[in-house]
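Q: Kindly produce the complete structure, drawing on both the sequences and the hints.
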Amino acid sequence: MRPSMAEASALIWASMRARRAGRASNSSRSTSTAVNCFSQNVPGNRAALSDGGPLEGAQDSFRDRDEGGRSAQPRKASPAPISSMSRRRSVVMTVPPVPAMIGRRSPCDNCGSAGQGLHPGRILPFGHLVWPGGHAYLYLMRGMLEVGLPVRTPRGIGPGRESLRDETPARLRARVKALEIAQREAQRTQRVLLATTRALRESEERYALAMRGPNEGLWDWNPITKELYLSARLLSILGFESDTLRTTSHEWLELVHPEDRDRYQATLVRHLKGEDAHFECEYRVTDRDGRWRWVLARGLAVLDADGVATRMVGSIGDVTERHAYQRALQEANEQLEQRVVERTRELDLARCQAEEANRCKSEFLANMSHELRTPLNAIIGFSDVMRSGVFGPVGNARYGEYIGWIWDSGHHLLRIINDILDLAKVEVGRFDLSRESTPVLPLLESAIRLVSERATRAEVNVGCKAEPGLGDAMLDPLRMKQVLLNLLSNAVKFTPAGGSVSLEARHEGTDLVLIVADTGIGMDEESLEKALQPFVQVESSLSRRYAGTGLGLPLAKSFSELHGGSLDLVSRPGEGTTVTVRIPRK
Numbered sequence: 001m002r003p004s005m006a007e008a009s010a011l012i013w014a015s016m017r018a019r020r021a022g023r024a025s026n027s028s029r030s031t032s033t034a035v036n037c038f039s040q041n042v043p044g045n046r047a048a049l050s051d052g053g054p055l056e057g058a059q060d061s062f063r064d065r066d067e068g069g070r071s072a073q074p075r076k077a078s079p080a081p082i083s084s085m086s087r088r089r090s091v092v093m094t095v096p097p098v099p100a101m102i103g104r105r106s107p108c109d110n111c112g113s114a115g116q117g118l119h120p121g122r123i124l125p126f127g128h129l130v131w132p133g134g135h136a137y138l139y140l141m142r143g144m145l146e147v148g149l150p151v152r153t154p155r156g157i158g159p160g161r162e163s164l165r166d167e168t169p170a171r172l173r174a175r176v177k178a179l180e181i182a183q184r185e186a187q188r189t190q191r192v193l194l195a196t197t198r199a200l201r202e203s204e205e206r207y208a209l210a211m212r213g214p215n216e217g218l219w220d221w222n223p224i225t226k227e228l229y230l231s232a233r234l235l236s237i238l239g240f241e242s243d244t245l246r247t248t249s250h251e252w253l254e255l256v257h258p259e260d261r262d263r264y265q266a267t268l269v270r271h272l273k274g275e276d277a278h279f280e281c282e283y284r285v286t287d288r289d290g291r292w293r294w295v296l297a298r299g300l301a302v303l304d305a306d307g308v309a310t311r312m313v314g315s316i317g318d319v320t321e322r323h324a325y326q327r328a329l330q331e332a333n334e335q336l337e338q339r340v341v342e343r344t345r346e347l348d349l350a351r352c353q354a355e356e357a358n359r360c361k362s363e364f365l366a367n368m369s370h371e372l373r374t375p376l377n378a379i380i381g382f383s384d385v386m387r388s389g390v391f392g393p394v395g396n397a398r399y400g401e402y403i404g405w406i407w408d409s410g411h412h413l414l415r416i417i418n419d420i421l422d423l424a425k426v427e428v429g430r431f432d433l434s435r436e437s438t439p440v441l442p443l444l445e446s447a448i449r450l451v452s453e454r455a456t457r458a459e460v461n462v463g464c465k466a467e468p469g470l471g472d473a474m475l476d477p478l479r480m481k482q483v484l485l486n487l488l489s490n491a492v493k494f495t496p497a498g499g500s501v502s503l504e505a506r507h508e509g510t511d512l513v514l515i516v517a518d519t520g521i522g523m524d525e526e527s528l529e530k531a532l533q534p535f536v537q538v539e540s541s542l543s544r545r546y547a548g549t550g551l552g553l554p555l556a557k558s559f560s561e562l563h564g565g566s567l568d569l570v571s572r573p574g575e576g577t578t579v580t581v582r583i584p585r586k
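Numbering follows the UniProt record's numbering, with no gaps: position 167 of the sequence shown is 167.
The set of hints was computed from the structure by calculation and includes no laboratory data. There could be a bad hint or two in this list.
[Claimed, not checked] The calculated SDA-like cross-link candidates involving lysine to any residue, where the alpha carbons are at most 25 Å apart (straight line), are:
#1 226 <-> 274
#2 530 <-> 374
#3 530 <-> 575
Since the model is a prediction, treat every value here as computed from it, not as a measurement.
A: Listed below in structure tokens is the structure:
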């Protein structure tokens, strides 16, 4: 196991004291055990270094010094191998050429059988160093003396002497310790330098990848000298192959699209004046092929103590594709808006045409109703005369029955014609209500009496529930009675035998609420929408028990709205239907 430096120092000085004592008593040729080592240059090597050439070799010799300080004549420098340091007073070692860097070589590489005299297994390496300027230095890291103990003796390749005479172990240990600290510090500095270099390289690679991802390049501008630096990535965006380029801001401005120059310069000036915290501007520049490319420039100015910009650094990214997408999207939106405008115009035209057709229909129905009512009045009037026997009895009883059917059909047809005429007037806005103060309860009782006979034939129970103190309401009694008759007739029509129909009236605030409910077949949501449309009937197993035109609910809804109220319809299949009419009392 190799001894530590402290142990080695102690052993060296103990050995030197022992040798000094032995020589003082037994040797007449030397009385001092102080060891002196020096190194000398090889002249040819010095010339090679001064010329900047490679180091071809160096020689180092060691010799003992006598007590009087006189040194023995050094042996002639020779590349011969080391034989035995214990038998030689001067040893010459040849060091082969070394590279310009810190390194180590073992003397065994050049000393042939030197291991015979330098304690086999403990031959330690030489160190060599070439400093900037061409001066080479060689030092023996751990030389082997006669006692075979390691000693640190730094030496330069050049004339020089250093005596260990009168050295104490403490000074030797301090010298060895200082060398160890210096070596460790150099190694630590080298490790830090390598780690810093590696981190810098990784940071540069990471930044290059980060800039390559969004397709951006760097620029550096001096506002004072107008010098502008463009990175290789930025030049590649513009189609150039140069690594970097130094130009001026004036030349760069020539590349900017004429329509964008004023905006570009205004944005830049605002940032330089401190009005904008950051510089950001989108504009067009021409590439090497003469095509206009959209770029997004971002930057930040560095200000001195006086607030003057001395440097500005930023990035430029190619956003041509994004602008193309935006332009395509804008064109698509414009086309869509144009289509919407055209479609709206078409719909307005269709609506106007439909309204015109509806108006023509209403006018036609109104005219036809008047034309139909005139002959119908004659039919109803003459059949009534024949039933009453004004001019005498009808000879055959069957004729009397037929006259009754004529009279009933005439009145039914008259009601249909009246409904059509009323609906036509409502649609064209020519229907006027005759409002008057009307007692509510008599109006309800009259409507119940008119449908009771039909309900009895259909085996449907009809009832009325009125809140006490209903009083009067401002309404058109004829039209409101028509609303109740239409609702009650529909309820009786679509309620199976054994069912019931109810009419309820009450006050809710300032409104009069009329509710007609039945236990009939009911309707689904789709049928509810159809039931409120004119001339539409909901098909069902009971829909044709009584003939109808589908005008009852639409007309009732129109009359309710003419009174300033509303009509709501709630129904479920198999559970019946509830119609709620709400009109103001005043």
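Q: Okay, which hints does this one fail, numbers in order?
A: Failing hint: just 2.
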